[in-house]
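Participant: Residue numbers (numbering that gives the first Met the number 0), protein chains in the order written: chain A, 0 to 68; chain B, 0 to 68; chain C, 0 to 68; chain D, 0 to 68; chain E, 0 to 68; chain F, 0 to 68.
Take these hints with a grain of salt, some might be off.
A pair holds if it fits inside one copy or across any two, identical chains being indistinguishable in the list.
[Claimed, not checked] Subject to a maximum C-alpha distance of 20 Å in a straight line, what follows is the list of computed DMTMM-like cross-link-like pairs (lysine to aspartate or glutamate):
| # | residue 1 | residue 2 |
| --- | --- | --- |
| 1 | Lys-66 | Glu-3 |
| 2 | Lys-21 | Glu-3 |
| 3 | Lys-21 | Glu-51 |
| 4 | Lys-66 | Glu-25 |
| 5 | Lys-66 | Glu-51 |
If you're looking for bench data, these hints aren't it; they were derived computationally from the structure.
None of the values given here were measured: they were computed from a predicted structure.
Protein chains: 6
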Amino acid sequence: MTLELDTGLPSTKLLQGVLRDKQAVEVKLVTGDILNGTLRWQDPNCLCVDTEGQVTLVWRSAIAYLKVS
Amino acid sequence: MTLELDTGLPSTKLLQGVLRDKQAVEVKLVTGDILNGTLRWQDPNCLCVDTEGQVTLVWRSAIAYLKVS
Amino acid sequence: MTLELDTGLPSTKLLQGVLRDKQAVEVKLVTGDILNGTLRWQDPNCLCVDTEGQVTLVWRSAIAYLKVS
Amino acid sequence: MTLELDTGLPSTKLLQGVLRDKQAVEVKLVTGDILNGTLRWQDPNCLCVDTEGQVTLVWRSAIAYLKVS
Amino acid sequence: MTLELDTGLPSTKLLQGVLRDKQAVEVKLVTGDILNGTLRWQDPNCLCVDTEGQVTLVWRSAIAYLKVS
Amino acid sequence: MTLELDTGLPSTKLLQGVLRDKQAVEVKLVTGDILNGTLRWQDPNCLCVDTEGQVTLVWRSAIAYLKVS
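With the hints as extra help, turn the sequences into a complete structure.
Facilitator: Here it is, written out as C-alpha cells:
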C-alpha cells in the first residue's frame, strides 16, 4: 500500500496520457464487467473511472484489460 | 500484513471521505456478489462494510470495484 | 510467508474478537463456497475455521468476505 | 520466490502435522477442482499432493481451502 | 509498482524477441477472453497488445498464457 | 520481477527434474484450460510449456496445479 506510482513505466505513462486527454476507455474486469468512461486518476492500487458522472473506484488487481478507443 | 495504509493515496482519501460522510456504496466482488451499505473503516487488507447493521469484512483482494452513490 | 500478523490492524483485531468470543461466522470464498462455523485462529496466510468439529484451513487469498452473525 | 517457509506459523505447523501423520486431506482449488490425497511436502509456493501415487504440484495461490479428514 | 523489468529472465527475453520480431501472439486472460495481435511493449505490470491498430493494455496479473504463433 | 528462482525449494527442484527428463505434464490453469506437454524452462514468473512444438508461456499466477504423468 505504500508503493508509489512509478511514473517512468510505459503503462503509467499511457494511462496518464489517456486521463489527461480524457480519452474514452473500456475497462474489462475479471468479473466480466465492462466499464466505459474516462479516467479521473490512477494510483498504485486503483483506477478511478468516471462513467457518466458516476465515480467508480476500480482495483488494479481486478482489471483484465483496458482498451483505448 | 505489516503494510500501513498510505493516507496520501487518492484511493485511500476517496474511501476516507466516503466513510466519514457515510455515503452509500456498492461494492462488487470477484465472486459476483454485490454489497450495498456504508463503510465503517478501511485498513491495508480489508474494508469493513455495514449492510443494515450487519458487519461484513471484505478482503481488498476480492474487490472488483466500489461505486459511490 | 515470513510476514507477521499486524495485531494493530482493525481487521486483525476484529477477527481476534470474533475468535475469542467464538462468534459464528460465514466465510464466502472466491470459489463461491460458503463456510459456516467459528474461527480457531488466524495467521498471515490463513484462517482456521471450525465447521462442526471439522478443521478447515482457508487461504486468505481465497476469501471474498467474512460476515459476523 | 526467495521467501522461506515460516515454520512458526500455525498454518505451516498444521500442514507439517498433516503430512507427518499422512492424514487424508481434501484440497479445494479456485478452479473448483477437489484433490483428495495426502501431502508429501510443502514449500512457500506449493503443496505437493499425492493422489493414489500421482504427484500433483498445487500452487498455494490457487488453493481455496484444505480440509483435514 | 516500482519493480523494474528483469531483462535477464527467460520470460522477459522471450517476450522481447516476440515484440521485436512482431510475431503474432494469442493472449488468454483469466476472464476467458482471447486477444490476438502483436506486442508493442512490456513493463513489469502490463503488456501492451496491438489488435488491428487497437491499443489494449493487459495486466500481467490477468494473463493465463501467451502462445507464440 | 527481480526475484530469482530459489533453486533450493522442493517445487523448483521437482520442476527442474521434470524438464530435464522431459516428463509429460498436465498443467491446469485457473481458466479451466489444461495444457499437455513438456517443460522447456521455468523462471520466477512463468513456465514455458511445449505442446507439440507450440511454445506457450504460462504465468505461474494462473496455474492451479501441475501433474506429472
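Participant: All hints are to be evaluated individually against the structure, with a verdict given for each.
Facilitator: Do the hints match the structure? See the list:
1. Lys-66 to Glu-3: neither (24 Å within a copy, 24 Å between copies)
2. Lys-21 to Glu-3: neither (23 Å within a copy, 28 Å between copies)
3. Lys-21 to Glu-51: within (13 Å within a copy, 22 Å between copies)
4. Lys-66 to Glu-25: Both: 5 Å inside a chain and 17 Å across chains, each within 20 Å.
5. Lys-66 to Glu-51: The answer is both: 18 Å in one copy and 12 Å across copies each meet 20 Å.
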